[in-house]
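Residue numbers (the numbering used here), protein chains in the order written: chain A, 1 to 113; chain B, 1 to 112.
Treat the hints as calculated values from the structure; they're not laboratory data.
A portion of the hints provided could be inaccurate.
[What the hints assert, rightly or not] Pulled a few chain A residues facing chain B out of the computed Cβ check, cut under 7 Å: (1) 42; (2) 43; (3) 45; (4) 91; (5) 98; (6) 99; (7) 101; (8) 104; (9) 105; (10) 106; (11) 107.
Virtual Cβ for every residue (Gly too), placed ideally from N, Cα, C.
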Amino acid sequence: NAGVMQNPRHLVRRRGQEARLRCSPMKGHSHVYWYRQLPEEGLKFMVYLQKENIIDESGMPKERFSAEFPKEGPSILRIQQVVRGDSAAYFCASSPRPQETQYFGPGTRLLVL
Amino acid sequence: LAKTTQPISMDSYEGQEVNITCSHNNIATNDYITWYQQFPSQGPRFIIQGYKTKVTNEVASLFIPADRKSSTLSLPRVSLSDTAVYYCLVAPGGDSSYKLIFGSGTRLLVRP
Chain A
1 NAGVMQNPRH LVRRRGQEAR LRCSPMKGHS HVYWYRQLPE EGLKFMVYLQ KENIIDESGM
61 PKERFSAEFP KEGPSILRIQ QVVRGDSAAY FCASSPRPQE TQYFGPGTRL LVL
Chain B
1 LAKTTQPISM DSYEGQEVNI TCSHNNIATN DYITWYQQFP SQGPRFIIQG YKTKVTNEVA
61 SLFIPADRKS STLSLPRVSL SDTAVYYCLV APGGDSSYKL IFGSGTRLLV RP
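Let the hints inform the model, and build the full structure from the sequences given.
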């Protein structure tokens, strides 16, 4: 049973470019969560999605950031016009139900030059 | 939301038992206490969760006193591979229980 998968594991972008981060939840999990981790800090909640629905995006910046979890395919976190401050590790987690244990993927490390 | 406080770092030696204590004075009645482990360049990994008294699994034990204002993660006979950051989380409870709140964690260094 494969765990949560994220790709790419590392992503380098120049300022102003777009970054697309993908997350495939564990089999049987329909709840996906995105977190961001800055160096030497804990993870910060960004957004919670179910299939085709955004449930809570309270932790996601209002501008340049968007997330989706289509009926088919992985969840995608999209960052438009990246800036240096977007450099961080982005983790995706999934669970079978919202109150149950979240299982994390290996993360995508975004570096903005 | 219940804030957690835990030591920034701890040192230990192989074979010793390690106890990491977390304070959560404002824990709510329906909050659970969860511990995650994170290795460098990896995502957090669930270790254990509890509500009160003691919980034990194949990896660790979690001790929670009656007032629930603190909890202690106990790792028996640590090895070098237990070097990691350990996070204590208190679930907000209710409809927002999915919104995990990570503090800075405790960096555990296990020496040979």
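> In ascending order, which of the hints set out earlier in this document are inconsistent with the structure?
Replying inline: Violated hints: none at all, because every hint is consistent with the structure.
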